[in-house]
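Visitor: Listed below, chain by chain, are the residues.
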Amino acid sequence: EVQLVESGGGLAQPGRSLKLSCQASGFIFRDYTVTWFRQAPGKGLEWVGLIKSKPFGETTEDAASVRGRFIFSRDDSENIAYLQMNNLKVDDTGVYYCTRGIGAIFGVPYGLDVWGQGTTVTVSS
Amino acid sequence: DILMTQSPLSLSVIPGEPASISCRSSQSLLFNNGNNYLDWYLQRPGQSPQLLIYLGFGRASGVPDRFSGSVSGTNFTLKISRVEAEDIGVYYCMQALQTPRTFGQGTKVEIK
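Protein chains in written order, with the working numbering: chain E, 1 to 125; chain P, 126 to 237.
Calculated from the structure, these hints are not laboratory results.
All of these numbers come straight from a predicted model, not from anything done at the bench.
One should not assume that every hint holds.
As the list claims (entries may be wrong) - Each computed DSBU-like pair below joins lysine-lysine, with the alpha-carbon atoms no more than 35 Å apart:
(1) E:Lys54 to P:Lys237
(2) P:Lys233 to P:Lys204
(3) P:Lys237 to P:Lys204
(4) P:Lys233 to E:Lys89
(5) E:Lys43 to P:Lys233
What the hints assert, rightly or not - Footprint (simulated), chain E over chain P, 3 or more residues, beta carbon under 8 Å:
(6) 172 to 181
(7) 220 to 227
Heads up, the beta-carbon is just placed ideally off N, CA and C, and yes, glycines get one too.
Throw the hints in and build the complete structure from the sequences for me.
Guide: This is the structure in structure tokens:
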């Protein structure tokens, strides 16, 4: 079964760090860009950023709201992607999802057909 | 950033009746390969989003054929030919042409 499973969420104080994981199974993980989204409580979906596959240099792109604080990485040998979240802010609170796409243009996916179940991050003092 | 505007923001439908959701992009989502990079997602209560439509009108695997997407310039439409109880949730359009990816505000669909 094609699957993505996020973990690592929890409660953190403002200014602290958390590291999320996205474990893939059932498909050739190294061939896919991993995109992260988040959803604040009661709000819509927000694109956080992505890490491309090796053929695209494992380059990353991120939202302006997280730039300089969040780091995207991957370990294709373990079929896992990471989201290192530093200097957390209250506005980072939400459910974080990792995804893969049906296709891609220049390594950036469209048609996000696999979503994890999400992991909840709460930033509060 | 590309602005996505959905309407209506809420919809109450009778089972068996059709429903339609509109999404407008602030700029063209047409790439030079002829594809419009617009996805539709459904997020059922308490669940992760689910892909319904990609490239404006391509139905994702396992999606019932009562769901269809259409494109007219920068206007995109998701149609449900006959709404069923399991179709309740929030529908989002997302532009997949540029980063940052951006979503419409969401349309909440409930059953009358």
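Visitor: Indicate, hint by hint, whether the structure satisfies it.
Guide: Tested hints:
1. For the given pair, Lys54 (chain E) sits about 49 Å from Lys237 (chain P) by alpha-carbon distance, which is inconsistent with the 35 Å threshold.
2. Between the alpha carbons of Lys233 (chain P) and Lys204 (chain P) the distance comes to roughly 14 Å, so the proposed pair stays at or under 35 Å and holds.
3. For the suggested pair Lys237 (chain P) and Lys204 (chain P), the alpha carbons sit about 18 Å apart, so the restraint of at most 35 Å is met.
4. Straight-line distance between C-alpha atoms of Lys233 (chain P) and Lys89 (chain E) comes to about 29 Å, which keeps the hinted pair within the 35 Å bound.
5. With a C-alpha separation of about 12 Å, the suggested pair Lys43 (chain E) and Lys233 (chain P) falls inside the 35 Å cut-off, and the hint holds.
6. For a cut-off of 8 Å, the count of residues in the stretch 172 to 181 of chain P with a CB near a CB of chain E stands at 6, and the three-residue condition holds.
7. As drawn, the stretch 220 to 227 of chain P meets chain E at 6 residues by the rule of a beta-carbon pair under 8 Å; at three or more, the given contact holds.
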